[in-house]
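> The residues making up each chain are set out below.
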Amino acid sequence: MTDAEPKKFAFFPGCLIPVRYPQMEAAIRKTLPKLGVEIVDLPGFTCCPDPIYFKSYDKLAWLTVAARNLAVAEEAGLNLFTICSGCTATLSETYQQLNANKNLKEEVNQRLARVGKEYRGTSTVRHVATVIRDEVGVEAVAASVVRPLEDLRVAIHYGCHLLKPSHIMKVDDPDDPHILDDLVAALGATPVRHDEWILCCGKACKHEEAPSEMMYELLKSVAAAEADVLGVVCPSCFTEFDLGQLRLARQHDDESLKTPAVYYFQLLGLAQGLTLEEVGLHRHKVKAPALEKYAAAAV
Amino acid sequence: MSPKKNNEKKGRGPTVTLDFEFKKRLEKIVDGALVNYCYQCGACVGDCPSTRYVPEFNPREIMLKVLYGFAEELVGPASPVWYCTNCYNCYERCPQNVKPVEIIIAIKNLMARRGIYPEKAQVGDLVEMVLETGRTAPVTAMTKKLREELGLPPLEAVDTDELKKILE
Ligand code: SF4
Ligand code: SF4
Chain E
1 MTDAEPKKFA FFPGCLIPVR YPQMEAAIRK TLPKLGVEIV DLPGFTCCPD
51 PIYFKSYDKL AWLTVAARNL AVAEEAGLNL FTICSGCTAT LSETYQQLNA
101 NKNLKEEVNQ RLARVGKEYR GTSTVRHVAT VIRDEVGVEA VAASVVRPLE
151 DLRVAIHYGC HLLKPSHIMK VDDPDDPHIL DDLVAALGAT PVRHDEWILC
201 CGKACKHEEA PSEMMYELLK SVAAAEADVL GVVCPSCFTE FDLGQLRLAR
251 QHDDESLKTP AVYYFQLLGL AQGLTLEEVG LHRHKVKAPA LEKYAAAAV
Chain D
1001 MSPKKNNEKK GRGPTVTLDF EFKKRLEKIV DGALVNYCYQ CGACVGDCPS
1051 TRYVPEFNPR EIMLKVLYGF AEELVGPASP VWYCTNCYNC YERCPQNVKP
1101 VEIIIAIKNL MARRGIYPEK AQVGDLVEMV LETGRTAPVT AMTKKLREEL
1151 GLPPLEAVDT DELKKILE
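In order, the protein sequences belong to chains E and D. The opening position of the first sequence corresponds to residue 1 in this note's numbering, with each subsequent residue numbered one higher. The opening position of the second sequence corresponds to residue 1001 in this note's numbering, with each subsequent residue numbered one higher.
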């Protein structure tokens, strides 16, 4: 990949990762160049805005703010990549809705005209996992590995918004996805599909007990699969797992519920020879001792 | 349902209030009109995680209540809509392309318009935060420290002028 022209994408960082989990952003910035992807930072982005709360407030306002973000990339003549499933959902859905519905697009553009912007529908949106599968290729990801994560069992949490609605996301079969399994296998690690892999992290559900019950079910299933880490591609899912594990392990007096959640690109960084510190894994609340031996291995 | 008892004396049984305008208001929201295609098959229920953990939450029933005009149950204080996890399984499963989750979100929009969403929904706080800072999370001293440690550039403040204008 390195001798080919780099593939350029506008980088849409979102809010949660740069603000709360900069280690995930660091992992992205340090791993993509090795795969021949050039990251272009553009000024002028705001919150995507988030597909749960902001969308619950007003769908039209939500589409308008998202269209403004897309217009920023359009002005630069670039396609976008996202690093959070929520941003992916918002921007992809906006792209699809506005390109399919002329009236809606006009309504949004009337508002954007107030600030001299226009949504044209010319910049596509892809989650970074999809970018590297489709634009780089799983083989090239494997070729970038200098420190295979052999014997590492990675339970995968696909989450909801990477895959669904499938006709909009166009990533993989939501009932039997392989994208993350393949990307994990490319690192030399073993992807593990646990029984409750399809269950949602529960974040958006505002019931008093249900989200905890969902998380408990998920964590039991992950523990039963004897995974060393839980691979995620979304900072919201990460938050739910990270805090949920600490809470539920205490509540049920069961340490086996703690399977450290790790952002896929942190694992990629480790496999590409970065240190635990460089991908910020030493900062995680739930430590991942299984990863230390790889970090110690010579490159 | 919140049956009114005033007719029972006359032997007519309990009555419920139907709001025929409710569906019309919903139809004006993006994707809201899709509810009309619901034929009550229940395909949206089987893989609904919220139904699994909160049996009184049922996307098929929510669609039916919209169609009947049981507005109070949907937007009143006991509204079940906030129990949805936004997982999009119902969207995948519905043979009629009703996008049940989008109907549920449209109901939330109607509540937001009237300012009656519950505090637990976190909607108001988040929207305010985005309008004020352009972000959903505050940049803290910890953010700065972590970014520096990782060799990342500091986060600039987001210019929210355009945001405010397009949302006026
Ligand atoms: S799957 Fe669709 S058509 Fe069937 S009950 Fe649910 S919303 Fe209605
Ligand atoms: S989006 Fe909501 S209603 Fe639809 S399946 Fe998921 S939890 Fe159930």
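These aren't lab readings, by the way, just hints derived from the structure by calculation. We put the beta carbon where it would ideally sit given N, CA and C, even for glycine. Be careful, since some hints might not be right.
[Claimed, not checked] Some but not every residue of chain D turned toward chain E, in silico, with C-beta under 7 Å:
1. Leu1034
2. Leu1067
3. Cys1087
4. Ala1137
5. Leu1152
6. Leu1167
> Taking 7 Å as the limit, does the beta-carbon of Leu1034 of chain D come near enough to a beta-carbon in chain E?
violated, 13 Å
> May I ask you to test the interface hint for Leu1067 of chain D with respect to chain E, counting a Cβ-Cβ separation under 7 Å as satisfied?
Violated, about 20 Å.
> Hold the hint about Ala1137 of chain D up to the distance rule: shortest CB distance to chain E must be less than 7 Å.
Interface hint status for Ala1137 of chain D: holds (4 Å vs cutoff 7 Å).
> Answer holds if the nearest beta-carbon of chain E is closer than 7 Å to that of Leu1167 of chain D; otherwise answer violated.
holds, 5 Å
> With 7 Å as the cut and Cβ atoms as the points, is Cys1087 of chain D at the interface with chain E?
holds, 4 Å
> Under 7 Å, Cβ to Cβ, is where Leu1152 of chain D needs to be relative to chain E, so tell me if that hint holds or is violated.
This hint holds: Leu1152 of chain D lies near chain E, its Cβ roughly 5 Å from the closest one there, short of 7 Å.
Consistency note: the structure conflicts with the earlier hints numbered 1 and 2.
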